[in-house]
Structures are given as C-alpha cells and as structure tokens.
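Colleague: Protein chains in written order, with the numbering used here: chain A, 1 to 317; chain B, 1 to 355; chain C, 1 to 567.
Calculated directly from the structure, the hints in this document are not laboratory data. This one's a predicted model, so the numbers in the text were calculated from it and none came from an experiment. Glycine residues also receive a C-beta, built at the ideal position from the N, C-alpha and C atoms. A portion of the hints provided could be inaccurate.
[Unchecked claim] Okay, the calculated bits of chain B under chain A, using three or more residues with CB under 8 angstroms as the criterion:
{"id": "1", "segment": "113-127"}
{"id": "2", "segment": "207-218"}
{"id": "3", "segment": "230-239"}
{"id": "4", "segment": "294-302"}
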Amino acid sequence: MALLEVKELKTYYYTLRGVVRAVDNVSFTLKRGEVLGIAGESGCGKSTLAWALLGLIPPPGKIAGGSVILDGTDITKLSENDLRKKVRWKKVSMIFQGAMNALTPVFTIEDQLAEPLIIHKGMHKNEARERIAEMLKAVGLDRTVMKRYPHELSGGQKQRVIIAMALLLNPDLVIADEPTTALDVIVQAQIMNLFKKIKKEYNIGMIFITHDLSLIAEIADKVAVMYAGKIVEIGSSDQVFGNPRHPYTQGLLRSIPRIRSKEKITWIPGVPPDLVRPPPGCRFFPRCKYVKERCRKEEPELKEVESGHFVACHLYG
Amino acid sequence: MRMMSEPVVKVRDLMKYFPLRRGIKEIITMKPRRFVKAVDGVSFDMHIGEVFCLVGESGCGKTTTGRLITRLLEPTGGHIYYKPTKEVASQIPEKCFAENGYVDLARKLPKHVDKLLRREIQIVFQDPFGSLDPRMKVYDILKEPLIVHGVGSSEGERREIIYRALSEVKLVPPEQFMNRYPHMLSGGQRQRVAFARAMILKPTVVVADEPVSMLDVSIRAEILQLMLDLQASRDLAYLFITHDLAVASYLCTRIAVMYLGKIVEMGSTDDVINNPQHPYTKALIAAVPEPDPKNRFKIREVPIKGEVPSAAAIPPGCRFHPRCPYAMDRCSKEEPPVLEVKPGHYVSCWLHTKK
Amino acid sequence: MSSVERIRWFLGELKRVKSGLVGFILLFILIGITLAFPLLANPQDIANWSGHGEYWDQKMLPKLAPPAWINVFSPVKYPVTRDLHSIKSTYKILNMSKDKDLMTYLKLQNPQVAKALEQLPESQRKQLFNNLRKNLNFNYLVFANMSVTYDLKADAPPSNLIVLVKMGPIVLRKGFVQGINILFTRPDGITLTFIPGASTNISNPWDTNIYGDLNNVKLLTMLALPTSIINTSEGQVKAIAPNTTLRFSIRDYMAAIINSGNPALINAILAPLIKSANESVTSSLFVDPMALLMSKATKGLLEGNAPILKGEYKITFMFLVKVPKGVSLPQFKVQRARVLGIYGLMGTDVQGRDLWPALVYGLRWALIIGVTVAVISTLIGVMYGVISGYMGGYIDLVMTRIAQIVYSLPVLPLLIILTYFFGPNIWNIVWILIAFGWVGIVFTVRSMVLQIKENLYVEAARAIGASPWRIIFKHVFPQILPYTFASIALSVPGAILAEAGLSFLGLGDPNIVTWGKILHSAQAAGATLKGAWWWVIPPGLGIAIVGMTFVFIGYALDRILNPRLIR
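Just chain A, with the same shape it has in the complex:
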C-alpha cells in the first residue's frame, strides 16, 4: 500500500479579492522510503500543498475538495484534535521554509527538542535527553550542542537541529519545504548529504519541495513539476530529467546555468498567472512557445506518455 495517496486535492484561499486557487486538482502517490521532489517557482502552490498535507493551511485557506490518504486514513476528514494527537509530527513532520530562524531564542536546543518528546511521547526530561543526543548524532552534531542557544549556532547547525526535530518521533513521512534556501553552497551540499544518509538509514518517505531543480536531482526518486496550482508533469527522476516533455519543464531545465557545461541558458518569457483569475484552458499557454488554439480553451489532463510518466499538455494527445 502506498504511504501517501493524494487524490484531486483542491486548496483554495477565500480572500476579499476573490478565490485564490492555490492547489487545483493535484494527485500523486508516494511509496514508503521514496522521495518525491516537487519543483516549482514562486506562486505555484507548492507550499500550500505542503501545509495541506499537515492540515495547517493558514486562514482564509481551506481544503476545498479531494482527499489525502496517509497510511489508509483520509486525514482531510479528521478533526483538529485527531490531527494534532495522531498525525502531526508522529506520522508526518515538516521542515518549514526558514525554520532555522524560527527556533525560540530563549530556550536551549535541548529544551526545544525535548518538547515534542514530552508532549507526544510523555517522556520525562531525563529520558528525552538520551534520545536527543542520539538524534543530534544522527544529524552530525555533537552532544554539546544540546546546552547551547540558537544564536550560538551557525546556519548549517541550526538546520541540522531542525532536521533532528523533524525526525524525533520517527515519522513515516517528512516534508521539507526549501530546506536549504538560506544556506551557503557548501553547507547546502552537506545538508543534502545528510538527507541522502537519512533516506538510506531510516527508509522514510520524503517530499522535497524546492525551486532548484538541481537539488531535486540530488535527492528525489520521483519528480512532480507544479505550475499555477497544478501538476504539469510527474514521473521518475530519470524520466523527467532525461526526457522532459512539458514545455514548462523543458524551459525550466534550460534556464539552469551549469557550472560544468558551456550551454547557453534561456528563459521563459512572461509571468505566472494570477490564481484568482487563471487563464482559461491550459494555465501555461500565455508563456508557451508551442501554443495552439486548443490550449486556449481546453485544460489538458495528465496523460501517460511512458510507463509512470505523466504530462498535462495537448502536445501529447
């Protein structure tokens, strides 16, 4: 059984300006021990998708439809109480964007890491201490970090603490939203190595969200490309990187400067659409160089172009 099955998920923000269709009919599955990378640029809905999986969508947002089935249970139907007690952090944990700056400055690392253990597992401070030390070692930090305060740690160290915090309760699924954006390139590489190590040792499912396709290649088994609230292409890493089909994916890959090749990089003209009034038909058509009449009227469905590789584009039938 798949660890996570997202079916036709719709998450909308009901604002005074109108209804923002942040996540509009998204479906995918994730197996245990598999890493799904969600690639997309600003405003594509990837963060909203992440929050929806934890039931943490900020108001005025709401899940407007679809289901999120985690280990057989549809968590969209659970009460806030159940979500809090049974799902969050125990089954699913999250590394938020900029989380390392969200560490409370007045508590030690030990206190902050002990909190989930005390609340969810009912541990005592002393029991927790051992588990914390174990966790810190697993993320490559020394025991002495426990007694320090967040401002005494470097960016990389803080991010490791955050990752430790996410893994504390042995969740089945970890969602990481831009976990390395604020980090320098060397620290980024080290953190990515840590993720690779965790993936191997813990065999947990992971959803890795970022705008940097290179990072996704470093960790993900499966890749979903999001644009304007929809998944436009999804498949295995090899398929999506090796044989990108959607014009957006192609454009995205061609816009990455490579340090080790001299290829000219290009860009995608235009801007992402307003999610209150998205264009009719295919949401990408205003920026697509292959645009046809059909694209302006009919929204393309995800079609299988090779085994396990789906693309939502009229170029493919």
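Start from chain A and add chains B and C according to the hints.
Modeller: Okay, now just chains B and C, sitting in the frame of chain A:
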C-alpha cells in the same frame, strides 16, 4: 565589446573594519579594540566591457566590497583608483588626482567632485522590491537621479530620457509602466526598473549585488541577458557579486573567489572554474549540485572541514587553514602571498610556492 | 494617482472602515454646528457672559433651572418660563379743583361730613370747598390698579413670579400717606397682602386705611424702591422718581420674610393662609416660598408637604397717590410680568445664564484649541523626530536628550506658573500646550525613522547621490505621514481636555467661554450637589463626543493609510 587595455578601476589593498562594541571589562583592562574585518586587503582590476565577478559565501566580504566601490561605505584603508572619462576628468581639480589620471575614491573628495563621481558608479541591489520606494511611481523613481544631478532642462526632456531608459530595459510600452507602483510589477519587472535607474545617468561602472538571486529561476537568464545587452551598447564595466558559482561561470569574464575578507583565487572564468588552484575554490565547485538524477545515489564529496569562523576572530596565518584538507604546518603561521600560477591566474596558497 | 483618484480611493476605503465614516460625518456635523452658531443661539449671550450682570438681569431667566424638555420625560410637569400677558389696569384720578371730585373725596374720607355738606346750598358749599382746598396739600388723588393673572396648570409651582411695575413720580412727605397694596389671590379664594399693615378687604379702594404707606422707610427697603430728589415747580422734593421700576420678585420678597425670624411679620402677611391650614408660626419657617404660596391650605403646608393648588392666581398692585402742586401725575404700568420655571434647551446656571449658547459656543473653542494644538505640536514633534532619527550621531544624541528633558518636566506646575506670568489668554495657553505637547510623539517617530533608514530604497537613494534632506523629505517623511495624520486626530481630545482642565482649575482665559469654563463654574457653584445635571453633563458629554469623533477619524486613518496594511 571594446576592451580598453587600461583598467577603469584599480582596487588596491582595500580594507573595511567594523569596530566591535567593547564591554566594560574590556575597556577597563584596556584590551586592544576588536574589529570585524569584513574586507581585509582586497586588490583587483576592472576593465570596460568586462564582467568581473566576486564570488563567495555569506560573510566573505563581497557585498561590503561592492558597497565600498559605490562609496555607500567609507573604506578603513586602501585605495580605489578610478579613471574617469575625459569629459568628467576635466571637471575635477588637479589635486584630486592620484597618478596617471586616476582619482582615489577612498580619499575624502570635495563635494562637487563627490557628486560627479557618484554618477559614474552605480549599483543594482539584490532585493527588487525593497530597493524601490513603494510610495513612488516608476516614473518618479527614474526621475529622481535626473533631478539630483540636474540632468534634463525641462520636464519634457526628462520624460524623453525616462522613456528611453524604460525601452532599453525592455519595459515596453513605456507609458504602461511609467504610472505603476512597484507592487504592481513582477519581480523581474522591478529588477528591470532597478537597472533602468542605475543606467539612466550613463555610469561607467555598475555594481550588481546578487541581482537575480531573489528572482524565479526561469527568468534569471532574462535579466542576465539584459545585463549583457546593456553592456554591449555602451562602455560599461560590471562588478557582479554572487554566491552562485554556476551563474558566475555563465556570465562573467573574470572571477575572484573571496574568503573571510580576502581574495584567495582570481583569474579568467575558464581558469578558475576548470582549473581551480585554491582548496577553497575546489570545495566550492565540488559543492554545486547538478540536475543529474544519478547524483542521488552518491554522496557529494566536498573537500572541506568545519564551519566558517567569525570575521571578528580570523584564524592566524592562512585564514582558510582550519578548514583546509591540505593544511601544512606553515599555513597556521604565515599568510601566503599572492602568486601568479599562470598569466592572469592568481592564487594565495602555500601549496603553490616552490620551497 | 491624481488627486481626484486619491480622494475617490480614500472615500472607498472609508466605507470599509465604518468607524471612520462615522467620525467624518460627526466632524462635518460639528463644524456645521460651529458655523451655524449665530443661527442656533444668540451671540449677545456670549458677548455678555462674564461681568455683565445687567444684561442677564433684564433677560429675567430663572436661576439654576432645568431645561424645558424635561417635561417630556418627567411625570411631574413643571411650569415653563414665560411672560404673562393677562394684565388688567385701571387708572382713576380725583381732581381736587373739581367740586365733584372733591365731594367724592370727602364722601370717602368722612361720609357724615360729606352728607351734611351735600345738604348745604351750593354757594355755601362752594365757599367751604375753596376753604378746604386751601388746607389740602395735594391737587390730585390718583388710584391705580394693575392685576396680573397666572393660571397654574403644572404639577409644581414655578420657581418665581416677577412683575416689573413702572411707577412715579410719588412724592414722599411726612403726613402724606402714599398708599400701596400688593395682593395675592389664590384660586381657593384666600387672599394675602404682601404689604404688612395693608388690608385684604379692598371693597373701598379710596380708603387709605387699606394701604401700606410708601413713606415708611422699612417698606421702601423691603420693596427695594429707590428714592431721590426731584425738581418741581415748587422746589425740590423727596420722591420716588418718575419711571422708577419696582422689581417685585415674589420669591425673593417672601424668602426675606420667611427667613426674617420675625414671627409677627410672618403672621402679618401669611395669616389667612396659616389660619386655613390650621397651623401656627412661632419662628422662622424653612419652606420654599413658592410652594408655600401655591399649595393647598392643608396640614403640612408650612413644611412644604401640602399638595399643589392649581388654578388661577392673581397679583394685584394698588396705588393711592396724592399729587401735590407742581408735580406731574404719576404713571403706573406693568412693564413686564414673568413666571419662571424650567427654561431653554440646556437650562440655566446659578447666575441665571442660558447654558445652551454657551454649550454651542464652547464647541467652537474646543475644535479650535483641539485642532490647533494637535496639528502644530504633532508636526513639530514629527519633524524633530525625523531629523533626529535620520541624522544620527551627535545631532541625534543632543536632540534626543533635549526632548527627554522637556518630556520629564512636570507639566501642571509649570502650566500654572506660566499662565500666571503670561496671563491666562487663550492663545498663551495654546502656545504653552503646544510647547509641552510636541515631545510625546518624538520618540515613536524616531524609532520608526531608525527602521525606515535601513530600508534598501533609502540606500539606493544615497547611491544615486541624493542629499540627506532630499531623502528625509521624499523617502522617509512620506512613510511617517499616515502615522502623523492618525496621531493628530488622536491628540485632539487630549488638547481639549488639557484646556478644559486648565479652565476647570481656574487658569483658563476669563474672557472666553469654553466647556472647561462651564465645568469650572459648575463646580464652584456646587452644581452636582444641587442636582443641576444639565450644567455638568452636556459640556462633559461635548468633550467626550468631540474626542470620540477624532478618535474614530484617527483610527480609521491609521487603518486606511498604514503602509503595512496597503494591499
């Protein structure tokens, strides 16, 4: 691209130290003042038609160097030699010149010279939203430099200039953009406005401080291409500051790698990227991810240890030695000199000295 | 955006923040009221507010009277202040040089002699008359009768009844009985006379015995009638001058009698009433004079507990005046008769001044003082804070220290001293309030500027080469502007209260009327102890409403213009 043989900017031993506040104990025991040595002796040349890149991680001093060149900060020491065009030079009194027609920007200059030279060196910032006053229309934002420097004798003339500036950065039709406020523009459009503002006074040197890192990946190349187009149509030298080696390798002519306030390696892009000499450069290059799915099966080896130390407590000798996998005894005692391993390719590392 | 677009956008936003809409509507109403002051009230009332007792005397307003509209809410209906117009007058003259009149006079004086004289032959009679005339010391005998009727329909007696009687000349000479009688007839038929010694039986109006004598100094004092020396063809005589006004205030007159401590006097006047009520008087009474006169003659009358006697009351002024040779005939006229009860839109104060004009006029000063102090002190404070914050370094240090010193000065003692030295002129007060008011906002603005200074676009402006002043005015100040507007609006109530406080303490400008001044006089007169809520509550409420208006406006301005909230 016209390359002039003489550099338009010569930076020599540039330094910027920020004093640290002293606690009572330190003042009483009369301990020597401590400084954050953000820029600690940086030297390089910039040429017209060239994109000179300062690459490094956060805290290496590249942003501070950019601010120093633009004179938003006062240097603590060193020289910034700038050679103005003949037209501008004629308006500067003899005594302000250092030698060979260069003016040292690091020295205190008379007010009118100061203002004149500000037109010559402009800057584009990293944050496309923050750098534009949210209460001003695009038209007013672009008009401001003209008003400050008295360019354009009538409103009509100024309008013409602004019109052209917007066309140049491909914000067309200009009328459509002139009356908009920054929050009505996309990130890419705002950055174009920032470039238009920098270019409107026809500067000779433009410092671009991470101009694309806050933009969507798919439009970064558009802005980078814009930069190259702008340079092609005028005599311009860029100082490109970034932490992204991949972008640097794509755009720049020459690269200087900075670490803790010093340049550790400098050379043409080809030399530095394909034949890195300094261990730090090698580590940086090794750390850059690639969109190759096979990488997920491999741990990315980055030949470096530890973390970046604080710029208030710079390690003795070679400042990189605590993190260097090849550190020798000498490295912890003496600072390595700058060596030219190949014409135009400089390294500051003991590994390259013949004993 | 052009100005028109800006205004339209602002109005649209105003609809969103309802309190702002309310605030602005209220503001327009208040300004309208201020401008319409001459239409709403009498500017003369204000011009004569302080130190012009004569003005208010002639207005004859009740003192400390509640507003006229309380009758709508009160179960007990109070009489409303108004002039009485049902006045009847009679004027008869007996000319002593005419035989017939002389005969009438003799008949009245001594009927037997008159009868005997009548039987004499005419020639003898004439001769006797001429002899009589030689001995008579007056040429005319004048009888005047004026009655004022008042129909009491209310459930409570009026607070006073005042009749202005124009009279004179009346010559005052020993042996010359100049008769005066003032009668009070009640609906139950009981008649009193206000003149001690006079009679209530007036069947024969020519009988001098039924009158009191104006020659009596005590009586003149009781009636507060001034005498003077007038010129006649026979020389100078002491008299009540022509066109003298007898101001007969029943309440004041009766209060003096009741509180005199003279039971004989009280009995002399009130005997019929006391007898009907089966009471007796042994010492001073402590009862409201009007209640005493206008309640049923039953037990409890002397304590003021008897129920009200409604119906027609009549006050009659009777004069029997001898006019000697060379003096003109006296004129008698009821100039004005007025019943005093509840009055006006806002009642009156203890000096009988109408409070409604004062209330409306006070609004003008409240707005002027409030807005002037608020605008000027806020602008000064904001500019000071902006310059101090942006300049930094020593300038900032010195400016902040100065502000801190001014901020820690004790305001009230200094205010008192300064008003003492410079005089409590309203504009001095305004300047002083500004001098203390500008500091408060400096620290907040300075912190805001310290933050704004770090914004990237400020750095960008510096990179372009803009001077610090340009940056301050074009980039920093506009960010503070919304906060400035909101701050002005919110400090208006404070300024009004500060002035009101000063006036309340007696330090205000004595020449103008402000709400604080009204409250000050109310407190001095013990208004709250006396239950005069109409004196205290309206100005207080006024201050609160004006304050509230500006708070609404300020709150709405902040919500609309705060850049962080701009979408």
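Colleague: If a hint holds in the structure, say so; if it does not, say that too.
Modeller: Evaluation of the provided hints:
1. 113-127: violated (count 0)
2. 207-218: Since three or more residues must qualify, the claim that chain A covers the segment 207-218 of chain B holds, with 3 doing so at under 8 angstroms.
3. 230-239: This one is violated; 0 residues, fewer than the three required, reach chain A with a Cβ under 8 angstroms.
4. 294-302: It holds, with 5 qualifying residues against the three required.
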